[in-house]
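Enquirer: Chains as they are written, first to last, in this note's numbering: chain F, 539 to 876; chain R, 356 to 686.
Heads up, a few of these hints could be off.
Computed from the model, here is a short list of chain R residues facing chain F with C-beta under 8 angstroms [stated by the list, open to error]:
#, residue
1, Lys420
2, Gly450
3, Thr455
4, Phe457
5, Glu459
6, Ala463
7, Tyr512
8, Phe514
9, Leu516
10, Gly519
11, Met520
12, Leu557
13, Lys559
Hints listed in this document are in silico derivations from the structure and should not be mistaken for laboratory results.
C-beta: ideal position from N, C-alpha, C; glycine also.
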Amino acid sequence: MSLISTILRRLVLLVFVVAGVAVITFTISHLIPGDPAQLIAGDKASAETLAHVRQELGLDKPVTQQFVIYVKQLLSGDLGQSLRTRRPVAGDIALFLPATLELGIAALVTAIMIGVPLGVLSAIYKDGPVDQAARVVSVAGISMPVFWFGLALILLFYVKIPILPGSGRITLGIAAPPRITGFFLVDSLVAGDLKAFWSSLYHLILPAFVLAFANLGIITRQIRASMLDVLQEDYVRTARANGLSRSAVILRHALPNALIPSVTLLGLAFGDLLYGAVLTETIFAWPGMGSYVVSSIQTLDFPAIMGFTIVASLGYVLINLAVDLSYMVLDPQIRELG
Amino acid sequence: MTEPSGDVLLEITDLSLEFRTYRGPIKALNGVSLNVRAGEIVGIVGESGCGKSVTMMAATRLLPKGSAHITGGGIRLFGNDPMTLSERELQHVRGRLVSTIFQEPMNALNPTRRIGEQIVEVIRRHQRLDNAAATSKASGLLRDMLISEPERIMQAYPFELSGGMRQRVLIAMAFSCEPKLIIADEPTTALDVTVQALILGLIKHKAMSTGTAVVFISHDMAVVSQLCDRLYVLYAGRVAEAGTTASVLAAPAHPYTRALIRCLPGLAPPKQPLEQIPGTLPDLLDPPAGCLFRARCREANDRCVSVPPLAAMEPARRAACWRRIEETQAA
Numbered sequence: 539m540s541l542i543s544t545i546l547r548r549l550v551l552l553v554f555v556v557a558g559v560a561v562i563t564f565t566i567s568h569l570i571p572g573d574p575a576q577l578i579a580g581d582k583a584s585a586e587t588l589a590h591v592r593q594e595l596g597l598d599k600p601v602t603q604q605f606v607i608y609v610k611q612l613l614s615g616d617l618g619q620s621l622r623t624r625r626p627v628a629g630d631i632a633l634f635l636p637a638t639l640e641l642g643i644a645a646l647v648t649a650i651m652i653g654v655p656l657g658v659l660s661a662i663y664k665d666g667p668v669d670q671a672a673r674v675v676s677v678a679g680i681s682m683p684v685f686w687f688g689l690a691l692i693l694l695f696y697v698k699i700p701i702l703p704g705s706g707r708i709t710l711g712i713a714a715p716p717r718i719t720g721f722f723l724v725d726s727l728v729a730g731d732l733k734a735f736w737s738s739l740y741h742l743i744l745p746a747f748v749l750a751f752a753n754l755g756i757i758t759r760q761i762r763a764s765m766l767d768v769l770q771e772d773y774v775r776t777a778r779a780n781g782l783s784r785s786a787v788i789l790r791h792a793l794p795n796a797l798i799p800s801v802t803l804l805g806l807a808f809g810d811l812l813y814g815a816v817l818t819e820t821i822f823a824w825p826g827m828g829s830y831v832v833s834s835i836q837t838l839d840f841p842a843i844m845g846f847t848i849v850a851s852l853g854y855v856l857i858n859l860a861v862d863l864s865y866m867v868l869d870p871q872i873r874e875l876g
Numbered sequence: 356m357t358e359p360s361g362d363v364l365l366e367i368t369d370l371s372l373e374f375r376t377y378r379g380p381i382k383a384l385n386g387v388s389l390n391v392r393a394g395e396i397v398g399i400v401g402e403s404g405c406g407k408s409v410t411m412m413a414a415t416r417l418l419p420k421g422s423a424h425i426t427g428g429g430i431r432l433f434g435n436d437p438m439t440l441s442e443r444e445l446q447h448v449r450g451r452l453v454s455t456i457f458q459e460p461m462n463a464l465n466p467t468r469r470i471g472e473q474i475v476e477v478i479r480r481h482q483r484l485d486n487a488a489a490t491s492k493a494s495g496l497l498r499d500m501l502i503s504e505p506e507r508i509m510q511a512y513p514f515e516l517s518g519g520m521r522q523r524v525l526i527a528m529a530f531s532c533e534p535k536l537i538i539a540d541e542p543t544t545a546l547d548v549t550v551q552a553l554i555l556g557l558i559k560h561k562a563m564s565t566g567t568a569v570v571f572i573s574h575d576m577a578v579v580s581q582l583c584d585r586l587y588v589l590y591a592g593r594v595a596e597a598g599t600t601a602s603v604l605a606a607p608a609h610p611y612t613r614a615l616i617r618c619l620p621g622l623a624p625p626k627q628p629l630e631q632i633p634g635t636l637p638d639l640l641d642p643p644a645g646c647l648f649r650a651r652c653r654e655a656n657d658r659c660v661s662v663p664p665l666a667a668m669e670p671a672r673r674a675a676c677w678r679r680i681e682e683t684q685a686a
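This is chain R alone, in the form it adopts within the complex:
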């Protein structure tokens, strides 16, 4: 296994993946390409079931091995294909190089062990520290998460803490071994709105002060737009649009991105009724041919029966829509 080299931490190329079920294969990813460079904060947006979490769990090989099958494309995580790593190498990558913050803080900590033990266990797994040093490191990490009495929290069991407090513990745990990349998978979705901003701020501040890259997965365009340098909009297991946050928000190219933005009170044009996107995600057991957004798209025409490529629109901006491709060619 090679150590991380170069600028690109994670590179996913044309990844296709399916879950084999009794009803047949569910084509969860249909050619996703994305990359994450050192130190940047990248957002992945899309509605439930579009493949956001699946993409990132494939990258860290956390998907159930019996049912998830990669059918095309490739993943390079710190220069290695995670599918070819040994169990031991994979354990080094997870936690030490890349760690994940999950959606449900209520269940993400072991209910029968004290908070301190759980953080110290992760620290000592990857770093040569004795128990005392690891404990003081853990308490420092909790203090960074604005927990005022880390010693008391470390003595507590998960059921004694609120959801927001547990998520802070999990963030501290994710940062504990100074990984190069953190995957934050909807870290605030299960929390009260009042603590969401705090949690997002803690992640962003800690990432920026340590130079850690973050992949931020969310269904909430508003959240992603506040945090991320760049974003990928996923639809039905494909990248619909990719670009810098500012440019995507200023002029969304893909009709799906436009619709997502028009759904949001803060981002929609003023004094217009909020929109909803008609229809639902296509059935991924038997996906229709062509552009998968076609059935819900106002701009669809005859060309949309074939799959649009993710075409470059302007510098650092790509979208998979025949309309935009036509417009770009015409210009």
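So here's chain F without its partners, still in its complex pose:
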């Protein structure tokens, strides 16, 4: 199975997944009690105003017809208009999503950069001081709530020892870089604006670390467990029996094989990170999807909620595709035999 045919096959599947999600979100949005027209028109609106709003939103049409209209819109990339912001939902998501992705990716990279080496060291020096320390860090990361740890770090590094910013994406007074990808780090580099780059990076540190810390433990433990398995393998003994250096045995023979079972977890962790970003964004006043979705739910903004759900499920499918593709990169048996 070649790489390209796998990607194509999965993209075809993607259409079905999105269709399924569209049906489910549409159904749920019509089952949930609450009348969006009432919310928009207000409590004291007259029956006429209410009817007018209904008509404007298309809520007076039969449900089946509403669904057909909804699907037609979806196919043209139109996620409808937000009842709350009165802007197209697709535009809102495009505005807020990059901030969340930037935070999520930064957190994932941080979690991998710390978690993988820590897991490897824990396995090599099993039950030694490093392993014990890693165990404490892992348990702390998994059990400490994000909102508590986030606030604690803000208190420590923003209030008591003010060395890091505690809110926002960029220092007030520094202009956000011209929008290309919506990732401040990328856009500022493209614009050659180093001042904006450093400021964005600086603002990322605390929220990314808080978010990474929650997933660090799982990654560390998983890498440790699969490294311990792999270090028992005959081919590791072969490598040692042939006098290869310790670093070659660990980095070239053990680690690549230990990564294969860990990739699934990294995919799941990234999903979790985006999920956890909602809380983290609230604490650090990060202008991302999290706050947008929370507000949408509070105001029963159905088009926004449905749009977000579709984009999120699309994201999950793409992450899974990325996981499967990385299997193909890491494991020749999957690459050559499919």
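We have chain F already, so just place chain R on it with the hints.
Expert: Quick look at chain R alone, frame taken from chain F:
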């Protein structure tokens, strides 16, 4: 560290070793002595759990360091005690001076790397060759293993090859840095009978043409007797008998050796039913006193409650059995 000198490559003297487990120490070796000289092929025979592999893995320090503890005796590998070598010196010894072919070719190669990369990595670790020279050397080694298209095999991943093919790759890898000694630990046990003879032949031919000494570990008396100049019969972590293959086969001294030979269709006296050895290996967590084979031995008597020494019987022949010692003294 000193370079190999003299004739004796490996000398193990009265080696005792135990594995510390939660249930208590398992006394895997109880005073094993053996030596290997340059260029000879030495067999180590015995049933599973008798300490064959443990002895040789102790010599190359491949045993798990947490649980395996040497409790007596010593090892000289190329004149050095492997236990006192630094990690770097040990890496030089492994691969360059002594290399090992293991039992399970299916798992002994890294599944995520191409065959060629793995052989070239070992060659370049120990020899000053550039990538092209190492690659052509690797392909020559594979050709020596009667692999007709080495370039294609080197591009393959382990899962694309049969067990016999993988074992040939591992043999080529073991010989790649021209070691003085090769330890072949049951190299054909996991393979089809049809390829066993081929693999054994390849090892023997390559060893003889390069003057490499081989320690051949097997539970199969028939295999060992075809290949080896000398053999050691191990039982429960002790040497039961040692001598040249011809003399041991012609007149086995130890009752255990006799029983092993009578178990084999090819080596047993004709027109007699094949034997099996009653009982099992003693519990090495709590070994009985005296000769460890006593409980399974037909010839056991009162003297066997004390441990028999490995006594010289005739030139180049030793056995640890009170009966034989008595007979020798009487003669």
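Enquirer: Next step is simple, just say for each hint if it's right about the structure.
Expert: Okay, the hints, checked on the actual structure:
Hint status for R:Lys420 relative to chain F: violated, with the closest Cβ pair at about 11 angstroms, above 8 angstroms. At its closest, the beta carbon of R:Gly450 sits 3 angstroms from a beta carbon of chain F; the interface hint therefore holds under the 8 angstroms criterion. With a cut of 8 angstroms, the hint placing R:Thr455 at the interface with chain F holds, because the nearest CB-to-CB distance is about 4 angstroms. Because the closest C-beta pair between R:Phe457 and chain F is about 6 angstroms apart, less than 8 angstroms, the hint holds.
Look at R:Glu459: its Cβ gets to within about 5 angstroms of chain F, closer than 8 angstroms, so that hint holds up. At about 4 angstroms, the closest approach between the beta carbon of R:Ala463 and any beta carbon in chain F falls short of 8 angstroms, and the interface hint on this residue holds. Using the Cβ-Cβ criterion of 8 angstroms, the hint placing R:Tyr512 at the interface with chain F is satisfied: the shortest such distance is roughly 5 angstroms. About 5 angstroms separates the beta-carbon of R:Phe514 from the nearest beta-carbon of chain F, less than 8 angstroms, and the hint is met.
Here the hint on R:Leu516 is broken, as its CB sits about 12 angstroms from the closest CB of chain F, past 8 angstroms. Residue-level restraint check for R:Gly519 is violated (minimum Cβ-Cβ distance to chain F is 17 angstroms; threshold 8 angstroms). The beta carbon of R:Met520 is not positioned within 8 angstroms of any beta carbon in chain F (closest approach about 16 angstroms), and the interface hint is therefore violated. Given hint, R:Leu557 at the interface with chain F, is violated; its Cβ is 18 angstroms from that chain's nearest Cβ, farther than 8 angstroms.
With a cut of 8 angstroms, the hint placing R:Lys559 at the interface with chain F is violated, because the nearest CB-to-CB distance is about 21 angstroms.
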